[in-house]
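This is what each chain is made of:
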Amino acid sequence: MLLIADIDKRFEGGLRIEASIRIPAGASTNILFGPSGAGKTTVLRCIAGLEKLDAGRIVFDGQDWTNVPPQKRSIGYLFQDYALFPHLRVSENIGYAAKRSPEIVKRVAAMLKVDDVLHRWPGELSGGQQQRVALARVLARKPRLLLLDEPLSALDAATRDHVRSELAELLRSIGIPAIVVTHDWVDALTLGDQMLLMSGGRVLQSGPPQEVLTRPQHREVATAVGVETVVTGHTRDRAGGIVVLEVGAAELVAADPGGDDAEFYVCIRGEDVTLEKGRAEQSSARNHLRGIVREIAPAGILTKVMINVGFELVALVTRQAAADLELRKGAEIFAVFKASAVHLIPKK
Amino acid sequence: MNWVALATTLKLAVTTSVILMIIALPLGYWVAFSRWRWKFLVEAVVALPIVLPPTVLGFYVLMAMGPRSPLGRFYETLAGHGLPFTFEGLVFASVLYSLPFAVQPVAAAFGSVERKYIEASWMLGVSNLETFFRVIIPQSWAGVLTGLVLSFAHTLGEFGVVLMVGGNIPGVTRTLSIDIYNQVESLNYSSAATTSAALLIISFVILSIVYGLNRKVWFFAADRRHRQAV
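Residue numbers (the working numbering), protein chains in the order written: chain E, 1008 to 1355; chain F, 330 to 559.
Bound-form chain E, shown alone (with noise of 0.2 Å):
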């Protein structure tokens, strides 16, 4: 194992982070994913010594680092805000860590295409240049490991895509085992290979991105993952790997998990709903559920309808879409989905 960290820390005011990670040897970044008070920074900055474990331990490749300083763990820690030096000027921004020879910020500086605003301050850095000044400061002290805490959260979204490309090709290239911490699934997917979910101070699932994302194995962690519909469902018959579920007042079908579980908390993303005017006559999609619109919301390019079909169930259309089936609140509409997109996870 290239990390291991038991963190246990405890806060005035009861709050309580007992979280357990491993990372095994190999150059891989780690997502550490979760909402905005799971616990994520703080696990971060136990990790780098920069807040004290109650109880616990921080083993970095067989050295134990629980008592040693931050300034011992050869860690590249990037601030949310990137926290620049305001009285230093990018070169000496980056040449800060100590006995840092000209020819490595250099080097950093044209890695980073920050080469051509060395000489100024960081107040008169776009975000993007903040940040890529930051990673260059981190990178010139050689580190061995690195924390990224929200990297990409202090930038407007125009540059936060193109950023986290980047971001993603440069963490790949340079072959330092990393740690990211974010709250965006977006984020997680394009920069992570290992991703850790974290929900009420605890690590609750870890996997490839894609897996848990799209198949949670608690009820914390599908609603962390932004899955808009948990509902509880009870088994009413299951044959040739197909399960029918009864949800509130509706009935549906799902793809069987195996195992013999009765009850499921049942999650449907909202973009995988479709919305109908009619019943369609033939469609491969298992589920048709006729409901009344309760609400309709704006979220984001897309529409949030909340129905009732027996349960709450949102759907996220296009806006057009919402135009072109004249939703409003009340209406008659068909929710339409496939078995495969009901993800189960079994209630215990």
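Keep in mind that the hints were calculated from the coordinates and are not lab data.
Warning: the hint list may mix true and false statements.
[To be verified] Each computed DSS-like pair below joins lysine-lysine, with the alpha-carbon atoms no more than 25 Å apart: (1) K1149/E with K1079/E; (2) K1079/E with K445/F; (3) K1120/E with K1079/E; (4) K1059/E with K445/F; (5) K1059/E with K368/F; (6) K1149/E with K445/F; (7) K1284/E with K1336/E.
[Said to hold, decoys possible] For the chain E half of the interface with chain F, some residues (derived, Cβ under 10 Å), not all of them: (8) G1056; (9) L1057; (10) L1060; (11) P1076; (12) Q1078; (13) K1079; (14) S1081; (15) G1083; (16) F1086; (17) Y1089; (18) L1091; (19) A1104; (20) P1150; (21) A1269; (22) K1336.
Bear in mind the structure is a predicted one, so any value in this text is a computation, not a measurement.
For every residue, glycine included, the Cβ atom is placed at its ideal position computed from N, Cα and C.
Following the hints, put chain F in place on chain E, whose structure we already have.
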């Protein structure tokens, strides 16, 4: 105008403020960053000279420096003479008297340095001491300068403590404020007026420098932060 008294006063003020800076930098750092639960008691002690009558402070300093106190005896074996009614004794008293004026602005400036910069320095492998000189001091020099200038100005104007501890020895412990008192006592009003005016002007100029500098520094800091946020 008593030039000898002016020279004594300036010498006292310079010595005191230099010593105070040496004390205020570590003490201000401790006040700003210590998490000791009884820290407030130390803060209260540091602030005492602001509210205590100078005579009370002078009295205790006199007792502490006297031949019956361990400090007084220690100094006497070291220097061959006692502390009271000497320039050194006056410096000792002035340092105590102006302590809050040096420590408070310095501690406030250190405390307003954002924690992320200190932590960023640590994460770049830089020690606490080096972080102090490379991050904290450069970002709080307005506060350090204010502490330095305020303790200088406050020492210029002290009267009660000087009278209690220093006596009134021309060329050694007679400062401008004591000189003014003497001249008024002997009904020498025109000389007192000249000296008073000199002290008033010096003090005003010094305070103008403090406020002017702080304003300029604040302006730059705010401007830079603003640009960083945009």
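Now the hints, each set against the structure:
1. K1149/E with K1079/E: holds, 13 Å
2. K1079/E with K445/F: Between K1079/E and K445/F the Cα gap is close to 18 Å, so the pair holds against 25 Å.
3. K1120/E with K1079/E: At roughly 29 Å apart (the allowed maximum being 25 Å), K1079/E and K1120/E break the hint.
4. K1059/E with K445/F: holds, 16 Å
5. K1059/E with K368/F: Holds: K1059/E and K368/F sit about 21 Å apart, inside 25 Å.
6. K1149/E with K445/F: holds, 21 Å
7. K1284/E with K1336/E: It holds: about 14 Å lies between the C-alpha atoms, which stays within 25 Å.
8. G1056: Holds - the Cβ of G1056/E comes within 10 Å of chain F, reaching about 8 Å at its closest.
9. L1057: holds, 6 Å
10. L1060: violated, 17 Å
11. P1076: With Cβ-Cβ at 8 Å, under 10 Å, it holds.
12. Q1078: holds, 5 Å
13. K1079: holds, 8 Å
14. S1081: holds, 8 Å
15. G1083: Status holds, d = 7 Å.
16. F1086: holds, 5 Å
17. Y1089: holds, 9 Å
18. L1091: With a closest approach of 8 Å, the L1091/E hint holds.
19. A1104: Hint holds; A1104/E Cβ to chain F Cβ min 4 Å, cut 10 Å.
20. P1150: holds, 9 Å
21. A1269: violated, 51 Å
22. K1336: violated, 41 Å
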